[in-house]
Structure formats: structure tokens, C-alpha cells
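Visitor: So the chains spell out like this:
Protein chains: 2
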Amino acid sequence: MPLTADQANYLFAVMRLGPGDRVALFNGQDGEWTAEVVEGSKRGGVLRCLGLAAPQLNPPDLWLLFAPIKKERTDFIVEKAAELGCAKILPVQTEFTNAARIKQDRLQAHALEAAEQCLGTYVPEVSDLQPLQKVLKDWNPERRILWGDESLVGPAQTLAGVTPGPWAILVGPEGGFSETERRQLRALPFVTPVSLGPRILRADTAACAAITLWQSALGDWR
Amino acid sequence: MPLTADQANYLFAVMRLGPGDRVALFNGQDGEWTAEVVEGSKRGGVLRCLGLAAPQLNPPDLWLLFAPIKKERTDFIVEKAAELGCAKILPVQTEFTNAARIKQDRLQAHALEAAEQCLGTYVPEVSDLQPLQKVLKDWNPERRILWGDESLVGPAQTLAGVTPGPWAILVGPEGGFSETERRQLRALPFVTPVSLGPRILRADTAACAAITLWQSALGDWR
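Quick mapping for you: the protein sequence lines, in order, are chains A and B.
Last residue of the first sequence: 236 in my numbering, with the numbers rising by one and none dropped.
Last residue of the second sequence: 236 in my numbering, with the numbers rising by one and none dropped.
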């Protein structure tokens with residue numbers, strides 16, 4: 015198996031591996047593989063696959079819809095969604111979203127790095143920025159949306175009684191959703207608003223908390 | 015009420031407030047106050063308190079014990095603990111902790127900023143770094159410890175059946191706890207190990223997830 019220049023630089027210049035050393039590989043489909051270095055330099059190299067070390071761990075069918083915020087907090091949301099086990103990450107543009115575009119490739123790289131760090135072998139797809147209006151218009155109503163509704167401060171609605179199946183979590187930008195968006199979300203039959211406690215959470219914190227609650231009630235943390 | 019130079023710079027140079035403008039104040043004890051600018055310059059100023067706008071929202075009796083990791087992730091843990099509602103934050107030194115000291119004042123400032131951002135009026139105290147061994151030796155066994163045990167990968171133990179009362183959450187550094195520490199923790203009657211799902215979480219993610227689970231099972235998110 016040939017390596018890219020980036021991969022070779024990391025393995026042979028940064029990690030200083032040599033022939034016979036072993037590495038863990040994953041391709042996002044089959045799980046984790048063990049491979050052995052055959053030869054390598056800063057510019058390229060060859061690994062030999064020795065066998066499957068662990069099967070692929072796929073997350074439950076949970077998506078995350080979030081409004082991009084400041085750069086480092088957006089990176090953070092993608093990282094945490096990958097670690098906590100989301101299958102797909104969809105940045106959405108809301109009325110109060112400042113960003114007009116995102117660097118999809120950078121965010122996808124963050125999702126990959128999070129999966130590598132956490133020994134996960136599944137890398138969630140990060141889609142490009144789309145207007146929330148368009149996403150909701152094209153939505154398949156069989157996938158329910160758990161909406162972190164910041165106006166519901168107070169005890170959180172428990173997720174114990176909600177229907178299993180495909181879900182998506184929706185968290186807004188700093189400043190929340192506009193009144194128009196809130197009316198629209200409240201009127202959609204597939205949207206369930208949920209409170210995330212009595213304190214106002216930042217968008218990145220709300221994403222972590224909502225994914226955790228969903229995973230422990232309906233996902234693979236049970 | 016006189017202002018410090020930092021506060022005056024923020025209000026009058028950054029936010030450009032002038033006489034008659036209103037600001038929200040909190041002292042960490044009584045809640046949120048409304049005040050009016052009497053006079054102000056970059057170097058100082060005077061505010062007049064008009065009255066209490068919201069009562070103090072105190073978090074439940076939950077502490078967070080965590081091992082300091084890289085700078086920005088340590089900052090992040092403190093920020094998230096303040097937002098999600100911890101009453102006290104205790105950095106602890108474990109066998110696999112690289113840090114020999116922390117900047118307590120910087121972390122305390124992070125906790126204050128998180129409380130300000132989130133309209134909370136309670137600022138958790140961040141203590142100085144202490145060895146985990148010493149903390150456990152002096153521990154009051156009436157406060158139970160919820161231990162994010164990374165060897166328990168798999169479905170999370172539900173917190174539904176655990177005893178209410180004062181609790182602390184304990185999360186380890188990157189690399190987890192040593193075998194000696196693990197044996198010791200398992201032997202302590204006031205320690206409850208908990209799994210945080212089938213994926214290995216970074217320390218900062220584990221802290222967010224464990225606080226969220228505790229808040230929704232035993233805290234003020236119910």
C-alpha cells in the first residue's frame with residue numbers, strides 16, 4: 015500500500031518509524047487494521063497489511079445540525095460530534111449565523127483526526143453549509159429532530175419517552191434562533207424541543223450535552 | 015461603586031458605554047443586578063446600582079475532579095464545568111499527568127468568564143493543583159465520586175438508580191489512570207465507576223459528558 019507525502023512525513027519524520035514497526039490503519043469502512051512498515055522516507059513509503067485488529071464501530075443513526083460560530087468553537091463542535099458518535103454533521107445557516115461559508119475540507123479533517131485520536135474507525139461526513147430553510151424544506155419527516163430550545167430554560171424534558179429511530183440534533187448559533195425560525199420549528203411535527211437545563215449554554219456546550227443525552231437515552235451508550 | 019482599570023477599559027473603551035447606559039452586574043452571591051453608568055473613562059468609572067434583576071442561580075452540590083491536560087483543553091474543561099453547573103473545580107495530579115503546576119488564577123478567570131457569558135451568576139471556585147492521592151486520603155466519604163472509567167467501554171451504566179446527595183465527577187488525563195490508581199479507586203466504597211459509551215473519549219469530552227449525565231439524572235436539569 016503506497017502512502018501520501020503527508021502520511022509518510024508523519025510516520026517517518028515525526029514518529030520516526032522504520033522497517034518492521036507496526037501501525038494501526040483504518041479506512042472508515044472495515045475497522046482497524048494492523049500494518050507493518052516495509053520501507054519509508056519523508057516523501058513516501060510502503061506498508062504491508064497484516065490483518066484486521068478490530069471491527070468497524072459504527073455510530074447510531076444520529077445527525078448533528080449546527081450553526082457555525084467562531085472558528086475554534088466550530089472545530090470543537092465537529093470534533094465532539096465525531097467523538098460522541100454522530101453519523102453525519104450538517105452545518106446550517108440560520109438567521110443569526112454570521113458565517114456565509116465554511117471550510118468544509120478543514121472540518122472534515124477535524125472529524126478524521128477526532129476519529130483517529132479516539133480509536134474510532136468511523137469518520138462522520140461533514141456536509142457543506144446549507145441554509146436551514148432549505149434543509150427543513152427537503153427534510154425526510156421519518157428522521158426526528160431534537161431541538162435544543164434555549165427558551166426552555168428550566169428542568170430538561172426527559173428523553174426517556176421519545177421514539178427510537180433515526181434522529182438529528184439541532185443547535186443554534188450564539189443568540190439562538192430568530193422568532194420566525196422558532197415559530198417554524200415549533201410547527202413542524204417531526205421537531206421535539208428539549209431544554210438543556212437552567213443555565214444558558216454556549217452553542218458548543220449545547221451540542222455536547224444534547225448528543226450525550228440522546229446517546230444515553232436512545233443511542234449506543236445504553 | 016468604583017471600577018478597576020480592566021473593567022473600565024472594557025466598558026468605556028471596548029463597549030463604548032456612556033453616562034446613563036445600563037449594565038448587568040453580578041457578585042457571585044446575590045444574583046444579577048442592574049446598574050447605570052454615572053461616569054467613566056478608560057482608566058476608571060462609577061456605576062450606580064438600580065436593583066436586583068434576577069436572583070442567584072446556584073448549581074447543585076457537584077464537584078469536578080480532573081487531571082490537567084494541554085492548555086487549551088484544560089481551559090475548556092473549566093469553562094464547560096462552569097457552564098454545565100459544577101459548584102467547585104479541583105485539578106488533581108495523577109500518575110499520568112504531565113503538568114506539575116497550573117495557573118490557578120487564569121483558570122479561575124475562565125470560570126468567571128464562562129459564568130458571565132452564560133448569564134449565570136455563580137462562579138465555581140477553582141482550587142490549586144493537588145495530588146490525587148492526597149485528595150482521596152482527605153476525602154469526606156459522604157460525597158460520592160462518579161469515576162469516568164475508560165476501561166468500561168460499552169453501554170454506559172445508567173445513573174438512574176444512584177443515590178442523590180453531594181457528588182464529585184472524576185475524569186483522568188489522556189492515557190487514563192495507572193493500574194495502581196485504578197485498583198485504589200475500585201477499592202474505595204464511595205467511588206462509582208461509570209462507562210461513557212463505546213468510543214474512547216478525550217478527557218475534555220469525558221468531563222462534559224459525565225457532568226451532563228449527572229445533571230440530567232441527579233442535578234437541576236431534571
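Source of the hints: derived by calculation from the structure; they are not laboratory data.
Some clues are possibly wrong.
With a straight-line Cα cutoff of 20 Å, these simulated SDA-like cross-link-like pairs (lysine to any residue) come out [claimed, not checked]:
hint, chain 1, residue 1, chain 2, residue 2
1, B, K85, A, D89
2, A, K85, B, P212
3, A, K84, B, P207
4, A, K84, B, C132
5, A, K84, B, R87
6, A, K85, B, K56
7, B, K148, B, P212
8, B, K56, B, N23
9, A, K102, A, G65
10, A, K102, B, K148
11, B, K84, A, K102
12, A, K84, B, I214
13, A, K102, B, I214
14, B, K151, B, K85
15, B, K85, A, K102
Small disclaimer: the values here were computed from a predicted structure and weren't measured.
Visitor: With the threshold set at 20 Å, check whether the alpha-carbon distance from B/K85 to A/D89 stays at or below it.
Guide: holds (17 Å)
Visitor: Under the criterion that the straight-line Cα-Cα distance not exceed 20 Å, is the pair B/K151, B/K85 satisfied?
Guide: Given pair B/K151, B/K85 is violated - Cα atoms ~28 Å apart, limit 20 Å.
Visitor: If you draw a straight line from the CA of B/K85 to the CA of A/K102, is it 20 Å or shorter?
Guide: violated (29 Å)
Visitor: Quick one, are A/K84 and B/R87 close enough, alpha carbons at most 20 Å?
Guide: Distance of about 17 Å is within 20 Å: holds.
Visitor: Between the alpha carbons of B/K56 and B/N23, is the straight-line distance 20 Å or under?
Guide: holds (5 Å)
Visitor: Check the hint pairing A/K102 with B/K148 against an upper bound of 20 Å on the C-alpha distance.
Guide: violated (44 Å)
Visitor: If you draw a straight line from the CA of A/K84 to the CA of B/P207, is it 20 Å or shorter?
Guide: The given pair, whose Cα atoms are some 35 Å apart, is violated under the 20 Å limit.
Visitor: Against the 20 Å threshold, does the CA-CA distance of A/K85 and B/P212 hold or violate the hint?
Guide: Given pair A/K85, B/P212 is violated - Cα atoms ~29 Å apart, limit 20 Å.
Visitor: Holds or violated: are the alpha carbons of A/K84 and B/C132 at most 20 Å from each other?
Guide: Measuring from Cα to Cα gives roughly 16 Å; hence the hint holds.
Visitor: Against the 20 Å threshold, does the CA-CA distance of B/K84 and A/K102 hold or violate the hint?
Guide: Since the Cα atoms of B/K84 and A/K102 sit roughly 28 Å apart, the hinted pair is violated (cutoff 20 Å).
Visitor: Holds or violated: are the alpha carbons of A/K102 and A/G65 at most 20 Å from each other?
Guide: violated (28 Å)
Visitor: Holds or violated: A/K85 and B/K56, Cα atoms, limit 20 Å.
Guide: violated (30 Å)
Checked against the numbered hints listed earlier, the structure breaks hints 2, 3, 6, 7, 9, 10, 11, 12, 14, 15; every other hint is satisfied.
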